[in-house]
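K.L.:
Listed here are the chains, written in short residue letters.
There are 2 protein chains.
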Amino acid sequence: MEQKTISQAIIKRLPRYYRYLGELRAQGIERISSNDFSKLMGVTASQIRQDLNNFGGFGQQGYGYNVKNLYTEIGKILGIDKVHNIIVIGAGNFGSALAGYSDFERRGFRIKALFDRDKNKVGKEINGIKVYPMEELRQFIKDNNIEIVTLTIPKTAAIEVAKSIADTGIKGIWNFAHTDLALPDSIAVENVHLSESLMRLSYNIVNPDKRGKRYGI
Amino acid sequence: MEQKTISQAIIKRLPRYYRYLGELRAQGIERISSNDFSKLMGVTASQIRQDLNNFGGFGQQGYGYNVKNLYTEIGKILGIDKVHNIIVIGAGNFGSALAGYSDFERRGFRIKALFDRDKNKVGKEINGIKVYPMEELRQFIKDNNIEIVTLTIPKTAAIEVAKSIADTGIKGIWNFAHTDLALPDSIAVENVHLSESLMRLSYNIVNPDKRGKRYGI
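In the order they appear, the protein sequences are chains A and B.
Note that the first sequence ends on residue 217 in this note's numbering; no numbers are left out.
Note that the second sequence ends on residue 217 in this note's numbering; no numbers are left out.
There may be inaccurate statements among the hints.
Stated by the list, open to error - Computed beta-carbon distance windows for the label pairs: (1) B/L40 x A/V83: 35 to 41 Å; (2) A/T5 x B/F58: 28 to 34 Å; (3) B/P133 x A/K155: 34 to 40 Å; (4) B/K76 x A/R117: 35 to 41 Å; (5) B/R117 x A/D81: 35 to 41 Å; (6) B/K82 x A/T5: 38 to 44 Å; (7) B/R106 x A/R25: 42 to 48 Å; (8) A/K76 x B/Q47: 30 to 36 Å; (9) A/S164 x B/E125: 34 to 40 Å.
What the hints assert, rightly or not - To be clear about the criterion: a stretch of chain B counts as covered by chain A if any three or more of its residues have a C-beta under 8 Å from a C-beta of chain A, and this derived list gives those stretches: (10) 11-24; (11) 200-209.
It should be emphasised that the hints constitute simulated quantities derived from the structure, not laboratory data.
Backbone N, C-alpha and C fix where the C-beta goes; we use that ideal spot for every residue, glycine too.
Modelling step: build the complete structure from the supplied sequences, incorporating the hints.
P.N.:
Here's what the structure looks like:
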């Protein structure tokens, strides 16, 4: 299959398909018609078909979708059939919360360490994850095959840290700092801007008539 | 101006415009050409023009954008010129982190209370915010003009709580539980599904050639 660019809108929907298929699987449901799946997801059957066609299809005429197979295949597309080593920079409230979130581990995301510049935090364990000093960051990334670096630090520090680790071989940055990061194309960036999320909610509250659909953002 | 539905893609970009305008303003910049603004944002000038035209324009031919005016106007569109009272359900790591996030307060989002069913947490203060028992939830919402309810509890509990407060007059739910919520149309829902965000990052890491653009998700 030729390599083509997949829109971020589709990439946004894939984890949601994955979640619903996981729930169906947990309920022991083996297959689902294209129509029932579309009703469950709140999107049209043709949208689902189009989305999945980007990856080679998977539905069978007259059968619908095989829940377990599709779940496994979407998991592969999302790369969560592999283990990803993660570290979290910033052992504040937010970084500590992420370190303690067991759901990530279950999906193959292993949080290996927290990093902080506060000497009072270094050496301690937070939610079972050890806190390291910033001076050891580059070496730790190299020694532990770290793929994803999570930034839960203020924006100026985030820009600085991102720059300082751009050449260490990391593959992605999960960025909670309220800024865009300029990085080489080899590094994927996923932004989680909570203030902006709250502003979108505010928009949708004050503009109920201009709200549009609620899913998929 | 007639009421028309605005796509979620535009609503997603507005807070980002707002952020950049805020930074320009902080730097004392009074106006910016449509071209320079487009370069700064990493989107085309025509995209910006189209987005802002949904709200009546704002640019002036040959002048560009007045930074302070546009900042103020987008703030109004986003509804953050008003105060929004928020509560957070779930005083765990994550809810506590949100309660302590001073950036929200600065934008007019006032976190008024935490709620938890753990009797050991009730009555305590976390990051300056008092923890209340779940039994007082409905009354608290009504007495304190609460507009937004943040859910940082597991999905079964989230579904139950959302249902139990749907008729209290709340305007929005900021949902961190990993589930979709079925609610009346009068309540806006903004989902923050962190596991899904991490899966998108994973996708973009394992499919570097199919990644597409990095902004705007």
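K.L.:
If a hint holds in the structure, say so; if it doesn't, say that too.
P.N.:
Each hint, compared with the structure:
1. B/L40 x A/V83: 35 to 41 Å: The hint (35 to 41 Å, Cβ to Cβ) holds, given that B/L40 and A/V83 are roughly 38 Å apart.
2. A/T5 x B/F58: 28 to 34 Å: For A/T5 and B/F58 the Cβ distance comes to about 32 Å; the hint holds.
3. B/P133 x A/K155: 34 to 40 Å: 37 Å, holds
4. B/K76 x A/R117: 35 to 41 Å: At 39 Å between Cβs, range holds.
5. B/R117 x A/D81: 35 to 41 Å: 36 Å, holds
6. B/K82 x A/T5: 38 to 44 Å: The hint (38 to 44 Å, Cβ to Cβ) holds, given that B/K82 and A/T5 are roughly 40 Å apart.
7. B/R106 x A/R25: 42 to 48 Å: Given a distance of about 43 Å, which is inside 42 to 48 Å, the answer is holds.
8. A/K76 x B/Q47: 30 to 36 Å: 34 Å, holds
9. A/S164 x B/E125: 34 to 40 Å: 37 Å, holds
10. 11-24: Coverage by chain A holds here, the residue count being 7 at a Cβ distance below 8 Å.
11. 200-209: holds (count 10)
In summary, the structure agrees with every hint in the numbered list given earlier.
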